[in-house]
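With these hints in hand, go ahead and build the complete structure from the sequences.
Residue numbers (this note's numbering), protein chains in the order written: chain A, 89 to 592; chain B, 110 to 272.
To be clear, the hints were calculated from the coordinates, so they are not data collected in a lab.
Beta carbons: idealized from backbone N, C-alpha and C, even for Gly.
Accuracy of the hints is not assured; some may be wrong.
What the hints assert, rightly or not - Taking CB as the label site, the calculated pair distances span:
#1 B:V133 <-> A:K559: 43 to 51 Å
#2 B:A161 <-> A:P541: 52 to 60 Å
#3 B:G217 <-> A:K178: 30 to 38 Å
#4 B:P218 <-> A:I472: 47 to 55 Å
#5 A:I127 <-> B:Q210: 51 to 59 Å
#6 A:G540 <-> B:V132: 38 to 46 Å
#7 A:T120 <-> B:V132: 52 to 60 Å
#8 A:I125 <-> B:W155: 57 to 65 Å
Okay, here's what each chain looks like letter by letter:
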Amino acid sequence: MSERIAADRWRRIHPLTIFLEVVRFLGRSIWTIGIFILIAFAGGGGDRTEILFTLLGVFAVASPLISYFTTFYAIDGEHLVLRTGLFQRKLRTVPLANIQHIDFKRGVLHRLFGLVDVSVETAAGAGSEVTLSALTERDAQALRTELFAVKGAAPPVLDDDRAKLPGVPHHRPITAATLRDLIVCGALHNHALRIVLGFLGIVAFGFQLMGENQKTARGAIGAIARLEPTPAMIVVTGVALLFAGWVLSMARNAITYYGFGLRRSSDRLHVKYGLFTQFEQTLPIRRIQTLDVSDTWLMRRVGFCEVQASSPYFASVERSAENKTQTGGKTVLSPALHASEAGRIVAEVFPGLDLPRITFHPVAPIHRLRSFNAVWMSWTLLVIPVAWFWTFWAALAIIPILLYAALYARTAYARLGWHLDARFLVVRSGAWNHLLTIVPIGRVQFASWDQGPLQRRFGIASISLLTGMGKVEIPDMPAEDARLLLDDIVRLSSATGIWSIDGV
Amino acid sequence: MIDEVRWERLHPGVRKVWLFSTVVSYLVFLLPATLSTYVLTRSWVWSGVACAGVVGLAILSVALIQRQYEFWSYALRADDLLVRKGIFWRSVLSIPRLRIQHVDVHSGPIDRSLGLVQLSVYTAGAPAAVATIPGLAPHEAESLRTALLATATQAAAEPPPHV
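Structure representation (C-alpha cells):
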C-alpha cells in the first residue's frame with residue numbers, strides 16, 4: 089500500500105506534538121515523580137534517584153520524538169492510511185465509508201497553540217481507531233472535510249463564516265445548554281463521597297511515606313484522637329462536606345459541558361463542549377443505533393432530562409480514563425435538556441417520530457407480581473446477615489421492604505411500555521429513573537423470544553433485540569403477542585433493506 | 110405467519126456428539142471434585158457423596174439429551190432464519206437474512222467422525238457467533254449456507270437508494 093502513495097502525499101502531525109506528549113507523559117507519571125522527589129528529600133536512594141530521574145527524562149522525550157518522526161498519514165482514494173512504527177512499520181487502512189465518528193479534542197495547551205487531537209472511529213472494535221495527535225486547527229478541519237466527502241455526501245462546513253455563504257449547507261443549531269441549566273443539573277448530584285475518598289487516599293499515602301518515622305504517624309493519630317469530637321462538630325463537618333460535595337458536583341458539570349451545543353448539518357450531528365478541555369464530535373445520523381432519553385427522579389422534579397445517542401464505536405482507553413462521561417459508544421446529545429424539549433430533539437434526529445403522540449402498549453399484568461418478587465427477594469437477601477445479630481429488627485425491616493417492593497412494582501409496571509411503527513421501536517421503562525430507548529428498526533441485528541420455566545406457567549415471554557450497540561429488552565409480554573412482535577420486528581427490519589435511508 | 114413455519118430437525122447423529130461431550134466434560138470434572146472434597150474433609154464418605162453427585166448430574170444431563178434434541182430445530186423463512194431451542198429456558202432466535210454478515214461451516218473431530226458439520230451465523234454488533242446450528246449433514250449445511258448468503262449478496266449488489 090505504501091508504495092502506491094507518493095512520498096509527497098504523506099502528511100505529518102504537528103511538531104509541537106513532541107512537547108505536548110512530554111507534558112502528557114509527565115502529567116501521567118506525576119505520582120511516580122512525586123514519590124521519587126519525596127525519597128530524594130528524605131535522603132534515601134542517593135545516586136540511584138538521579139539515575140531514575142535521568143531514565144524517566146530520556147523516556148519522556150525519546151518516545152514522542154520517535155513517534156513524531158515515524159507517524160504519517162494520507163488519504164488514498166477511498167481510504168485513510170496511517171503509517172507508524174520505527175522498526176516494525178505498521179500501516180492502518182480505514183475505508184472512508186466505514187468511518188463512524190470523528191472527534192476533536194483540545195486540551196488547555198492545545199488551545200494555547202491552536203492544535204487539535206483528531207480521532208477517527210470505525211466500528212471495528214476497541215483499538216482500531218486512528219488517533220492523530222496533534223494537528224493544526226486548519227489541517228484538522230481540512231481532514232474532516234476530506235474524510236466525510238464520500239460518494240456525493242454533502243461536505244460538512246465547520247467554519248461558521250463560510251456557513252453563511254449562499255449554497256453551502258450550514259449548521260443548524262438544535263439545542264444548547266446554558267450555564268444555569270448545567271449548574272442546576274450538577275446540583276442534583278453530590279460528590280461528597282468522592283471528597284471523603286480522595287481525602288482518605290491522601291492520608292493513607294501520607295502515612296505510607298511516614299512509615300519509617302513511626303513517632304510522627306503515632307503523633308498524628310494521637311492528635312486526631314485528642315480532638316474528642318462533639319456531636320456539634322460532627323454535624324458541622326458533615327454539612328460542610330455535603331456542601332463542598334455539592335459545589336464540586338456543580339462545578340464539574342459546568343466545566344465538563346461548558347458551552348454545550350448540538351447542531352445538525354444535512355446528515356450529521358455536531359456536538360461541542362468543554363471549558364478547559366474542549367470536545368468536538370461529529371456523528372453521522374445514519375450510524376446512530378439507539379437514542380436514549382433518560383432522567384432521574386430528581387431531574388424530573390426540576391424538569392430536566394438527558395439525551396444520549398449510541399453509535400458503534402469504541403471509546404479509546406485514553407479518552408475514557410480522562411473523561412468518564414464519555415464511555416462506551418455513547419455521545420451525549422444534551423446533558424441538561426428541558427423535558428418539554430425532548431420531543432423536538434428526537435424529531436430532529438429521527439424525523440417522523442412524534443414522541444409526545446406515541447401510545448405505548450403495556451406488558452402482561454403479571455409482570456407486577458414478578459417485579460414485586462424480584463425486589464423483595466433481593467432486599468431480603470441483603471437483610472439476612474443483619475438477622476444473624478439483630479433478629480427482631482431484621483424481621484421488622486420486612487414490612488418496609490414489602491411496601492417498597494409493592495410501590496416499585498406498581499410504578500415500574502405503569503411506566504413499562506413498547507411501541508412499534510414502520511420505522512421505530514420505542515421502549516419506555518424504569519420506576520424512579522426513567523429511560524426511553526428509541527431503536528430505528530433497520531438497526532436491529534437480530535431478535536429473540538425467550539421464556540423461562542416460570543414465564544411458561546404464566547403464559548408470558550420476553551423479547552430482546554440486539555442492535556449494533558447493545559441489547560434492548562421488553563420483558564413479560566403475553567407469549568403469543570411476543571411471537572407476533574418478533575415476526576413484525578424482523579419483517580420491518582428486512583423491509584428497510586441493508587442500506588439505511590436518510591438517517592433512519 | 111407462525112403457523113407457516115416448517116421446522117427442520119437436526120441430524121439424529123448430533124445426540125451422539127452431545128453424549129460424548131457431556132460424558133467427557135463430567136469425567137474431567139469428576140476427579141478434581143472427588144479429590145478436593147477428600148482434601149477438605151479427609152473423609153472417604155464425603156468424597157463418595159461428591160463423586161456420586163457428579164455422576165448423578167451426568168446421568169441427568171445424558172437423560173436430557175433426547176429432550177434437548179426434540180426441542181432443537183431451525184427454520185429458514187423468506188426474511189429470516191429461526192433457531193428454536195431450550196428445555197427449561199426456551200428461546201426462539203430470529204436473524205433477518207439481510208443482517209447476516211458471514212456464515213461459517215466448521216466441524217470438530219467428533220463431528221467429523223460422525224460425518225456432521227456445524228454452521229455459525231454472524232451479524233454486526235455481536236462479538237461472537239449469533240447462532241450455531243450443530244449436527245447438520247454436509248449437504249444440508251451447504252444448501253443452508255448458499256441460501257443464506259444468496260440473499261445477502263443479492264441485497265448488497267443493489268445500489269444504495271439514497272447516494
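Outcome of the hint check:
For B:V133 and A:K559, the Cβ-Cβ distance of about 33 Å falls outside the hinted range of 43 to 51 Å, so the restraint is violated. At roughly 26 Å, the beta carbons of B:A161 and A:P541 sit outside the given window of 52 to 60 Å. Between B:G217 and A:K178 the Cβ separation comes to about 35 Å, which falls inside the hinted range of 30 to 38 Å. Checked against the hint of 47 to 55 Å, the C-beta distance between B:P218 and A:I472 comes to roughly 48 Å, which is consistent with it.
Evaluation of the 51 to 59 Å hint for A:I127 and B:Q210 yields a pass: the beta carbon distance comes to about 55 Å. About 28 Å separates the C-beta atoms of A:G540 and B:V132, a value inconsistent with the hinted range of 38 to 46 Å. At about 54 Å, the beta-carbon gap between A:T120 and B:V132 stays in the expected band of 52 to 60 Å. Between A:I125 and B:W155 the CB atoms are about 59 Å apart, so this pair conforms to the stated range of 57 to 65 Å.
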